[in-house]
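**Q** Single-letter residue listing:
2 protein chains.
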Amino acid sequence: MNDSNEYVYLDIKTLFNFMKDVFIAAGVPEADADICADVLIESDKRGIDSHGCARLYMYYMRIKRKQQLPVTKLTIVKETPGTIRLNANNGMGQVASKKAMQIAIDKAKKNGIGMAIVENSNHFGIAGYYVLMATKQDCIGMCGTNARPSIAPTWSVEPMLGTNPFTFGVPTDWDFPWIADHATSITQRGKIETYARLGKDAVKGWVIDENGNAATDSKQIITDMLKLKTALTPLGGIGEELGGHKGYNYATFVEIMSACLSQANMLQACLGLDKNGNFVPYNLGHFFIAIDPAAFCEIDAFKKKTGDLLRQLAGAKKQPGASHIYVAGEKEYLAYQERKRTGIPISRVTQRQFLKMQRELNLVQYDFAFDVDPDEEDVTGW
Amino acid sequence: MNDSNEYVYLDIKTLFNFMKDVFIAAGVPEADADICADVLIESDKRGIDSHGCARLYMYYMRIKRKQQLPVTKLTIVKETPGTIRLNANNGMGQVASKKAMQIAIDKAKKNGIGMAIVENSNHFGIAGYYVLMATKQDCIGMCGTNARPSIAPTWSVEPMLGTNPFTFGVPTDWDFPWIADHATSITQRGKIETYARLGKDAVKGWVIDENGNAATDSKQIITDMLKLKTALTPLGGIGEELGGHKGYNYATFVEIMSACLSQANMLQACLGLDKNGNFVPYNLGHFFIAIDPAAFCEIDAFKKKTGDLLRQLAGAKKQPGASHIYVAGEKEYLAYQERKRTGIPISRVTQRQFLKMQRELNLVQYDFAFDVDPDEEDVTGW
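These protein sequence lines map, in sequence, to chains A and B. My numbering numbers the first residue of the first sequence as 175 and each following residue consecutively. My numbering numbers the first residue of the second sequence as 175 and each following residue consecutively.
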């Protein structure tokens with residue numbers, strides 16, 4: 175992914191400022207723009223290229239075409255000592271979600287465990303951001319969201335379920351928290367979008383077509399997925415023999431938790447398009463759970479024991495030829511160490527999008543050294 | 175699995191009574207024996223042959239050799255409004271777990287969400303039993319447990335993590351609740367034990383050997399796994415290309431939740447054997463979370479919407495050649511409908527174990543029509 179012809183590197187601070195300025199210019203209040211840019215830069219810092227600055231243009235376009243609102247009016251629908259149901263009123267998913275997770279954490283600090291759900295929301299960026307919030311406050315975090323229909327149920331070829339991340343964060347005594355942030359599909363749309371940008375084929379088994387065969391043309395997959403003609407496979411793959419039904423069930427649980435406790439859309443209603451192909455609000459749902467380990471034991475003992483557990487895993491006997499056993503969050507931590515030095519790689523597609531937004535929003539204070547044509551067609555079709 | 179030469183069918187009531195009587199004769203108090211037998215019969219009713227009466231002899235042997243205690247003294251270590259930490263004092267996992275989940279449900283009814291953990295416990299049967307408790311009381315249930323080391327981390331060949339079920343139950347307006355009850359490995363030890371009893375090979379990809387190759391001899395796998403020479407693969411399989419790291423992370427999260435909030439054993443300390451091969455207590459940990467949908471919305475609206483979600487999934491476009499799209503809990507519900515008529519199939523290995531326990535415990539009131547030799551060697555080596 176680090177082909178120097180493909181990428182220009184921007185330092186983290188400049189990239190953050192540009193993203194924040196785009197959000198502000200698009201109508202997002204400054205404090206909220208700070209949150210939105212922080213969620214995106216966290217993804218870039220962690221090496222998750224599919225969900226960081228590569229998605230800025232997507233949010234920008236959704237605001238521009240009035241599919242989602244730049245101002246987030248977060249209202250309380252229902253509250254108990256341990257739970258809260260919030261309505262994001264079609265505002266920014268990142269803003270609603272950060273506030274929701276903080277409420278869950280605050281409730282966990284009082285009651286041992288807390289949960290928040292959000293309805294009428296939008297794409298919230300990396301789920302990992304919110305469980306990271308929990309770990310920074312010495313809590314265990316869990317969260318999930320539904321999303322545009324992508325995964326076909328086992329024995330089906332139709333995209334029904336979102337990639338529905340089921341995401342966990344745990345504080346440790348390592349230099350970084352344990353963060354498992356991934357879709358319940360084998361892979362996720364953002365990764366195929368990255369492959370499409372790079373002109374790379376998708377791995378066989380990631381996607382099935384209408385006839386139940388494996389699809390590999392990543393650009394075609396993205397186009398067909400919006401028409402519900404290809405689907406991602408659940409973790410475990412096609413059929414049941416290697417556990418595809420388990421991934422399907424995890425995705426379904428996330429969909430239930432995200433959509434069924436509120437008025438959020440579910441399944442194919444999350445397409446963001448009406449029957450005539452017009453853009454409509456996504457009305458996504460999210461859920462956030464925080465657990466305070468101090469409700470069970472001394473927090474330092476918990477972090478030490480979790481750290482020991484990870485040390486034992488990392489020290490297990492290696493597969494012949496393998497050089498390292500990773501624990502969740504380690505690759506992202508290593509990516510950040512590198513990117514602090516190198517800056518964030520910006521792909522040519524993202525460079526074009528940056529120049530378009532810069533021009534449209536008149537952000538003259540940035541002088542990007544991008545050798546691309548902003549008017550060239552965007553392959554990912556936003 | 176329904177080869178008539180292999181199986182004798184026992185009606186549900188007789189099987190339940192026998193299991194309960196075995197537990198009582200082994201020293202389990204009658205009310206607790208009722209719980210233990212109920213957990214096992216639920217597995218048999220649901221068609222999960224690996225975790226029902228086929229495991230009775232395992233519990234019996236563990237009690238007999240004083241590895242676990244028949245009397246369950248459940249003590250409170252720490253409690254908050256939303257959480258509780260319990261110590262099972264090496265008693266019956268089923269008894270401690272049923273009580274723990276009920277406390278989590280009671281806390282959810284008061285605070286919206288509740289959580290219980292149990293340490294110093296033992297094998298608790300099917301995880302599905304406890305989330306089913308939640309659904310019967312109109313709650314969402316989640317639970318998990320660690321277990322004997324079985325799963326190798328991604329890029330390792332060493333069994334470190336238990337099969338660590340991560341299990342969910344949701345009430346619906348269908349004839350049955352949505353219950354996703356499965357290991358975070360592709361398959362689980364009990365299934366391979368069933369295959370070993372039937373003399374069937376394990377599916378390629380389920381198990382890796384010391385050299386990183388697929389192992390398929392199911393009897394050998396069970397023997398080698400106790401010696402930590404073969405390992406189950408996490409959901410997603412070997413390596414990362416098809417998401418094996420996701421299954422590894424889910425298994426790890428369950429291990430953390432089960433063991434790190436308390437003094438429970440973790441990873442290879444859960445083997446039940448000391449370095450000299452002597453039996454020692456397992457000291458397993460479990461966790462239970464209950465969520466009250468009524469804290470968020472009307473319970474009937476929740477069940478209806480979840481039901482609609484499942485109806486949409488079941489009605490999705492089928493893969494060519496597929497006859498039905500299942501939702502979680504459906505196969506188990508169908509199994510129960512059949513087994514109400516046919517009774518529960520008892521394998522020849524289980525028949526031998528039944529006759530051994532009947533003889534040793536002098537349970538003369540049962541007259542089983544089993545044409546097997548109770549003294550024949552038990553292939554699964556308990």
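Mixed in with the good hints, there may be bad ones.
Repeated chains share a single entry, so a pair holds when one copy, or any two copies, can fit it.
Listed below are the simulated DMTMM-like cross-link pairs for lysine to aspartate or glutamate, each with C-alpha atoms no more than 25 Å apart in a straight line [stated by the list, open to error]:
(1) Lys-491 - Asp-547
(2) Lys-252 - Asp-347
(3) Lys-378 - Glu-415
(4) Lys-530 - Asp-448
(5) Lys-393 - Glu-415
(6) Lys-374 - Glu-414
(7) Lys-449 - Glu-506
No wet-lab data here; the hints were simulated from the structure.
**Q** Now tell me, hint by hint, if it's right for this structure.
**A** Checked hints:
1. Lys-491 - Asp-547: Classified as neither; 51 Å inside a copy, 41 Å across copies.
2. Lys-252 - Asp-347: Between copies only: 23 Å across, 37 Å inside.
3. Lys-378 - Glu-415: both (17 Å within a copy, 10 Å between copies)
4. Lys-530 - Asp-448: Intra 27 Å, inter 66 Å, cutoff 25 Å: neither.
5. Lys-393 - Glu-415: Intra 29 Å, inter 19 Å, cutoff 25 Å: inter-copy only.
6. Lys-374 - Glu-414: between (28 Å within a copy, 18 Å between copies)
7. Lys-449 - Glu-506: Close neither inside one copy (40 Å) nor across copies (37 Å); limit 25 Å.
Going down the numbered hints, you'll see the structure goes against 1, 4 and 7, while the others check out.
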